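Position 143 (the sequence shown) corresponds to 190 in the working numbering; numbering is contiguous.
Hints in this document: simulated from the structure, not taken from any laboratory. Since the model is a prediction, treat every value here as computed from it, not as a measurement. Certain hints may be false.
Computed list of lysine to aspartate or glutamate pairs in EDC-like fashion (alpha-carbon distance at most 16 Å, straight line) [as the list claims (entries may be wrong)]:
#1 Lys228 to Glu215
#2 Lys50 to Asp72
#3 Lys271 to Asp144
#4 Lys228 to Glu212
#5 Lys50 to Asp102
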Amino acid sequence: MTKASERLTDFDDGGGRMTGTEVVDGVMNNLFPDQSRLDRVYGRVNLRKCFVHVDVANADTYYGAMSAIMDAPDDPNVSGVLFSTKSHTDERAAAQDRVESYVTRGPQSRWWLFDRQLSGQRSIRLFGPVSAALPEVGDVVYLVQNESAQDEYSQYVRIISVSAEVQEFDGGQGSICGVFKRMVIDCEISAALAYTFDGPTITCLDTLTPAAVMRDTLVADASKYYGVTALAQAVANGDLTVNASSIYAQLVPSTRGESPVVDVQAGGLAAQQITSGGETFAVIGPAHTGATAVTINNRAYTYVFSCIPIPAPGALSVDFRAQGRWYRLQDDGTGALEGEGTGTINYATGSVQVTLAALPDVDTSVLYTWTTPVHFINRAGTTEVDPLTVEHTLAGPCVPGSFSATFLSGGVAKTITDNGTGGLIGDGSGRIVYATGQVYIVLSSVLPDPNSQLTIDYDEPALVTEVLTGVTLSGGVADITLGTVPIEPGSVRVSWETQQQQISNSSHYVWEVDRAYSV
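With these hints in hand, go ahead and build the complete structure from the sequences.
Right, here's the structure in full:
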């Protein structure tokens, strides 16, 4: 028979010791109350403690006793299970703690508490890398202050909503961070914070030691639950296997909502650190993915995988699903995988060995996501860049030795001058045609600052024009004597016209062609 406990209520002191009151089989509400309409809308958990008691009026040998749920509730929204705390005296609060202890603290999360989170808050603010996977609705996280110290205190909190935004921050003058981006997340939690947790000030660094940290949680089999489920297939006498519709039962009420996801890469985005030219950049892009299907035959804690192409250090993440929840291991950049399990990666071969913290669910997959440096070529210090050229025509001729061009490079004034014979020297090279004012500047060693201007100064010569007539050619060469001396080298320009007669013998036509030349 079944004996009732001292208090069949849902108050904290419900339960207690065994009484002599028998729970009569087949009597309505002999353990649980009726379900109200509000309970059906908002959900409720009823816990009742009872004792299985064997009492007979003879001296028959005791061969053992068994208790079981023989019939599932007709309402699909109602579920019932049996479990034992193995205590004859505990009360409902202790049983509730046993139910809630299905998770235990795990590795430190990639997310940090954003500054101080005050007692009484019903939401927490986090920050972390842009590429890190967001917390999921329903996740339980562990907050701990002054870990491993005498004044340590902690709290488990369940996340019931998540909103995230990438924000840009300025580390300030002299900071190694400069301008950086972080993912900032606001998480609503199911219960208010019981304590104040002091998180770090936001930074670009991931090596922080604040007073309060957040840890992921791992599934811990604190209790065994016994229930009843329907058969997925009919069984016959002699069958050695039974196919059940499900091995899970709902312990606490929950709701589901739909959230459309658009413009998201199938494999997600991942980041890797690339160093070039003495600077390190975080490059975010589409990730490579791989998977190992989990079946009843290969279900295990340890898996191996070969990543092709080879991942970049710190870029590999391994995800698996256990008891309906996703867990992750992350490469720490040294070849070790940490998180919900352990493992290693060989950066030379791409081989991955991982040991999961829990058995993955059948008909799921162990997922591998990574980025690789093979898509990038470091050209710093090896690539030849074509020099910058500037072509310009002055407003008129230029006096040799008077040309100068100035510009700013790195905030310092740079100057280019002519050497008096048509060449340009100084912080650039090139040439100038004094008579026409054509300038060709080549900048190869120094480059102008952005938005800077090239300032040109020069002197224009006094222009003298002479018209000569009666010039004769001898073998295509004409001797000309100018009447004004001295003459600046490179400043002479000569223009002439020619006239040519052509006669057609067939039609007796004569025509003249005029041409002009200049040097």
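**Prompt:** Quick check: which numbered hints come out false for this structure?
**Reply:** Every hint satisfied by this model.
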